[in-house]
Amino acid sequence: MELTTHHDLRIAVLDAADVASGAALKRISDADLLRIVDPTPEHYAELTPHGFIFKPQWLFWTRPVYPTLDAYVDALQPRMRKSTRHAIRQTESGHRLEVEEAIDPARLDTWFALYKRHIGTLPRGTLYAAEDLEWFRTHPEQVVGIYLYSGDRMVAGLLCMKVPRHNMLRMTYYACDPSHPDHGTTRFMYVQVGVVAAELGYEILSAGADPNFYGHDVATGLYLLKRRLGFRADPLWRYETDDPPVLEKVLSLDRCEDPSFCVGYGDYDVRQAPLTGYIMSRDPGPATEPFHAPMLASVVPYHLSDR
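Numbering (the numbering used here), first residue to last: 500 to 806.
The set of hints was computed from the structure by calculation and includes no laboratory data.
Listed below are the simulated DMTMM-like cross-link pairs for lysine to aspartate or glutamate, each with C-alpha atoms no more than 25 Å apart in a straight line:
(1) K525 <-> D782
(2) K615 <-> E599
(3) K525 <-> D766
(4) K525 <-> D537
(5) K615 <-> D709
(6) K725 <-> D569
(7) K661 <-> D742
(8) K725 <-> D709
(9) K615 <-> D676
(10) K525 <-> D507
Construct all of the structure, not just a fragment, from the sequences and the given hints.
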């Protein structure tokens with residue numbers, strides 16, 4: 500067993516010997532979460548009855564590209580349609596959108612300064628974009644920049660990667676000025692990137708990849724927003740790379756949102772298994788309706804008090 504810390508979340512990573520010794524069925528002190536990477540069918544059969552969730556580690560969000568903005572907004576649910584049109588009207592007034600089909604290094608520096616301010620306001624903010632900054636500089640033709648200005652000041656920016664093999668435009672990093680009044684700015688940018696994708700001839704728009712645990716690194720609200728905006732979440736391996744499944748058991752939400760949320764496989768055969776949503780909470784009775792989505796066969800509560 501290896502006890503690791505991701506930000507403030509304490510994760511006990513177990514191996515086959517730990518499962519054989521029964522350690523997986525004990526409450527390990529100081530651990531918020533138990534994890535077994537790439538478990539065997541025997542591990543799956545033994546541990547899922549004891550509160551372990553079999554799941555992908557990452558989710559990848561996609562939606563079709565609609566030919567026009569109105570066609571996309573009309574496809575949303577009525578309440579989301581109304582609030583999205585309101586966000587568009589609010590943000591269009593007094594702002595200017597600029598698009599670069601190949602990013603400019605000087606503008607990239609301006610965006611990264613904005614990104615650092617944005618990340619600095621997040622409870623567990625990490626400058627993930629810093630790892631890709633040099634690649635962006637050396638491959639500008641593979642990155643689309645979408646920037647929102649108030650006068651001469653950049654107040655929001657979205658970097659997107661071109662993925663020709665899937666005829667896809669993929670959102671990678673977003674930033675919004677924390678001092679700028681947000682009257683739907685983020686919603687506006689998520690909508691406008693679809694317009695840009697259509698203009699550039701892409702068939703698929705991706706809202707990027709998220710760690711499959713909403714409530715810690717990424718907010719539960721991010722899952723809800725992407726779902727409401729018509730995106731579908733699939734295991735990352737269906738699009739990008741290997742993503743070995745894990746068995747995970749949440750022991751504590753002390754450092755997480757309550758409720759938190761994840762997506763799991765309904766069977767060991769990950770290529771055929773239906774996807775299930777799990778709402779993790781300390782108390783019974785969390786509302787499941789907001790989490791339902793077309794890609795999920797069901798949404799079930801996962802009460803820590805029962806585990």
